[in-house]
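Colleague: For the first sequence, the working numbering begins at 5 and goes up steadily by one.
Bear in mind the hints are in silico, worked out from the structure with no lab data behind them.
There's no promise every hint is true.
Unchecked claim - Here are the simulated lysine-lysine pairs, DSSO-like style, with alpha carbons at most 27 Å apart:
#1 K96 <-> K114
#2 K295 <-> K52
#3 K353 <-> K322
#4 K365 <-> K349
#5 K365 <-> K353
#6 K323 <-> K365
#7 K295 <-> K114
#8 K115 <-> K140
#9 K70 <-> K52
#10 K323 <-> K376
#11 K226 <-> K365
#12 K90 <-> K38
#13 K140 <-> K353
#14 K115 <-> K52
#15 K52 <-> K11
#16 K52 <-> K90
#17 K96 <-> K38
#18 K114 <-> K70
#19 K52 <-> K96
#20 K38 <-> K114
#21 K90 <-> K140
#22 K11 <-> K114
#23 K140 <-> K114
#24 K96 <-> K70
#25 K90 <-> K115
#26 K140 <-> K295
#27 K365 <-> K405
#28 K115 <-> K295
#29 K353 <-> K151
#30 K140 <-> K6
#31 K295 <-> K11
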Amino acid sequence: MKYTLVKEIFQEPQAYLTQKVAVAGWIRTVRSSKELGFIELNDGSFFKNLQVVFEASLPNFEEVGKLTIASSIEVQGTLVESPGAKQPVELKAESIEIVGLAENDYPLQKKRHSFEFLRTIAHLRPRTNTFFAVFKVRSLLAFAIHKFFQERGFIYVHTPIITGSDAEGAGEMFRVTTLELGNPPRDEQGKIDFNQDFFAKETNLTVSGQLEVETHCMAFRKVYTFGPTFRAENSNTARHASEFWMIEPEIAFADLSQDMDLAEDMVKYIFQYVMEQAPEEMEFFNTWIDKTLFQRLENVIHSNFERITYSQAIELLKKADQKFEFPLEWGRDLQTEHERYLTEKLFGKPVFVTDYPKAIKAFYMRVNDDDKTVAAMDLLVPGVGEIIGGSQREERYEMLKNRIIDLGLNLQDYWWYLDLRRYGTVPHAGFGLGFERAIMYVTGMENIRDVTPFPRTPRNAEF
RNA sequence: UCCGGAGUAGCUCAAUGGCAGAGCGGGUGGCUGUUAACCACUAGGUUGGGGGUUCAAGUCCCUCCUCCGGAGCCA
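Please construct the entire structure, taking both the sequences and the accompanying hints into account.
Modeller: Listed below in structure tokens is the structure:
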């Protein structure tokens with residue numbers, strides 16, 4: 005059977021009018037009376053449903069009238085203009101074959117459900133309008149990211165998921181082992197003998213591909229990673245997940261300002277792409293999820309992002325006509341309330357905050373000439389907060405080595421990372437974009453669990 | 001992990017310490033153009049678990065669990 009896709013019908017309704025077509029999909033709603041009934045059919049190809057009209061002349065009219073939501077059917081009929089106001093065309097059924105009847109305890113109703121409830125049925129929620137739209141946008145956004153980098157000559161690098169060092173310093177890690185948990189082998193001191201583990205050393209799931217991707221940056225000049233990362237933090241917020249995807253570009257012969265240019269270009273490009281490629285889904289978000297969405301995204305696409313230093317941010321916050329719970333003092337990290345004030349109230353658009361005190365930032369960030377700050381940047385956006393964190397990397401061998409020692413890290417763990425500074429080092433920079441946070445921003449969804457197909461958070465890995 | 005809130009029918013929510021309810025969904029019947037269709041009838045409960053106070057607990061107390069929001073950590 006050759007099926008016409010609902011998407012094709014909606015894109016060119018005139019071409020299909022009066023034509024015989026066959027469609028196959030799932031029932032979203034049924035309404036029927038004695039001699040007439042309506043089915044809204046979604047076939048997965050398009051956000052909107054096709055209305056199917058069926059009449060008592062169908063041999064299985066009664067059976068069709070009793071079909072349950074989610075049942076799958078195949079319909080053959082003629083496409084006609086619809087007298088109803090809500091759809092341009094409809095399919096007048098000549099035959100309806102029931103492919104798979106849904107049992108009557110299907111939990112999704114024809115009304116709004118709470119996102120909390122839908123999380124408990126993650127296997128069924130893609131069939132709702134909201135999640136259908138979210139995961140469509142997720143796919144488009146991923147493609148847009150590849151498109152952006154590929155068009156600019158970036159090489160896509162697959163950095164490892166299992167990492168051999170716990171030295172990346174970006175948070176608690178998940179251990180990877182084949183040792184028997186109840187009875188692990190011990191060495192002479194009674195400590196667990198990881199020599200006998202699968203990799204003959206301690207291994208974990210990666211928390212960032214950055215250190216590894218820098219190696220390829222020194223060969224390909226412009227590179228990026230895009231893959232899953234894992235944090236075993238006991239974080240319980242709407243913005244944190246234990247497993248999430250991250251995009252980490254790295255550019256050689258570049259400084260922090262070029263890094264920010266890249267981040268700004270990328271954000272604008274991928275948002276624009278989704279607006280163009282998913283108009284129905286975006287319209288839905290703007291109507292039902294966040295009425296200021298279009299306004300906000302247009303603002304991002306067309307404005308120049310603000311760029312201020314951390315020191316300037318502290319000054320601005322001290323002058324703010326708002327009381328903060330946490331004190332402002334040079335050297336302390338900015339709190340969520342401070343970041344929100346800057347990006348939401350003061351500037352009302354994305355803001356780069358740069359040149360943070362070196363004491364609160366990672367070892368690999370390049371120390372500025374003042375010896376107090378590092379060439380780091382965070383991109384703050386209204387509603388979501390920090391969406392990107394990046395920096396120019398310390399390319400000077402001695403400086404990097406001293407930073408590692410000063411921070412009490414084990415020099416041995418970084419031997420290959422330091423080698424990059426011994427063999428043809430160059431200034432370079434990069435950043436990490438939280439993929440789910442980008443989806444949240446572009447859809448207006450407020451919880452990371454609702455933009456991740458199968459979210460992993462503390463105490464939650466059901467699906 | 002800390003602070004706050006919540007947990008009652010499949011879902012969304014009511015119920016002054018005194019008979020556990022409604023709307024939606026399900027079932028049955030009706031209805032010729034519906035749009036979260038409509039109308040009538042009907043079934044459906046270990047009030048998150050455990051303990052306590054009381055003549056009497058969904059309601060008050062203790063404890064544990066789970067979820068939500070905020071914070072910290074970060075992307």
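Colleague: Each of the hints needs a verdict: does it hold here or not?
Modeller: Status of the hints after comparison with the structure:
1. Proposed proximity of K96 and K114 is supported: the alpha carbons are some 23 Å apart, at most 27 Å.
2. The suggested pairing of K295 with K52 holds, with an alpha-carbon distance near 20 Å, which does not exceed 27 Å.
3. Pair hint K353 plus K322 holds up; C-alpha atoms about 20 Å apart against a cutoff of 27 Å.
4. Restraint check for K365 and K349: the C-alpha separation of about 26 Å stays at or below 27 Å, so the hint holds.
5. A hinted pair counts as satisfied when its Cα atoms are at most 27 Å apart, and K365 with K353 qualifies at roughly 24 Å.
6. Proximity of K323 to K365 is assessed by CA-CA distance (about 25 Å); at most 27 Å being required, the pair is judged to hold.
7. The straight-line distance between the Cα atoms of K295 and K114 is roughly 22 Å, inside the 27 Å bound, and the hint therefore holds.
8. A hinted pair counts as satisfied when its Cα atoms are at most 27 Å apart, and K115 with K140 qualifies at roughly 21 Å.
9. Distance restraint check for K70 and K52: the Cα-Cα separation of roughly 23 Å lies within the 27 Å cut-off, and the hinted pair is therefore satisfied.
10. Distance check on the hinted pair: K323 and K376 sit about 23 Å apart at the alpha-carbon level, within 27 Å; holds.
11. Between K226 and K365, the direct Cα distance comes to roughly 24 Å. Compliance with the 27 Å bound is thereby established for this hinted pair.
12. Between the alpha carbons of K90 and K38 the distance comes to roughly 23 Å, so the proposed pair stays at or under 27 Å and holds.
13. Restraint check for K140 and K353: satisfied, since their Cα atoms lie roughly 26 Å apart, inside the 27 Å limit.
14. Restraint check for K115 and K52: satisfied, since their Cα atoms lie roughly 16 Å apart, inside the 27 Å limit.
15. Under the criterion of a C-alpha separation no larger than 27 Å, the hint pairing K52 with K11 is consistent with the structure, at around 8 Å.
16. A C-alpha spacing of about 11 Å is found between K52 and K90, which places the hinted pair at or below 27 Å, so the restraint holds.
17. Proposed proximity of K96 and K38 is supported: the alpha carbons are some 17 Å apart, at most 27 Å.
18. For the hint pairing K114 with K70, the CA-to-CA distance comes to about 15 Å; that is within 27 Å, so the pair holds.
19. Simply put, K52 and K96 have alpha-carbon atoms about 17 Å apart, close enough for the 27 Å limit, and the pair holds.
20. Simply put, K38 and K114 have alpha-carbon atoms about 21 Å apart, close enough for the 27 Å limit, and the pair holds.
21. With a C-alpha separation of about 23 Å, the suggested pair K90 and K140 falls inside the 27 Å cut-off, and the hint holds.
22. About 22 Å separates the Cα atoms of K11 and K114, which keeps this hinted pair within 27 Å; it holds.
23. For the suggested pair K140 and K114, the alpha carbons sit about 21 Å apart, so the restraint of at most 27 Å is met.
24. In summary, the hint linking K96 to K70 is supported, as the alpha carbons are separated by about 18 Å, within the 27 Å threshold.
25. A threshold of 27 Å between alpha carbons decides the hint, and for K90 with K115 the separation of about 18 Å falls inside it, so the pair holds.
26. Only pairs whose Cα atoms come within 27 Å are accepted, and K140 paired with K295 is accepted, the gap being roughly 20 Å.
27. Restraint check for K365 and K405: satisfied, since their Cα atoms lie roughly 16 Å apart, inside the 27 Å limit.
28. Simply put, K115 and K295 have alpha-carbon atoms about 20 Å apart, close enough for the 27 Å limit, and the pair holds.
29. Simply put, K353 and K151 have alpha-carbon atoms about 25 Å apart, close enough for the 27 Å limit, and the pair holds.
30. For the hint linking K140 to K6, the alpha-carbon distance of about 24 Å falls within 27 Å, and the restraint holds.
31. Simply put, K295 and K11 have alpha-carbon atoms about 26 Å apart, close enough for the 27 Å limit, and the pair holds.
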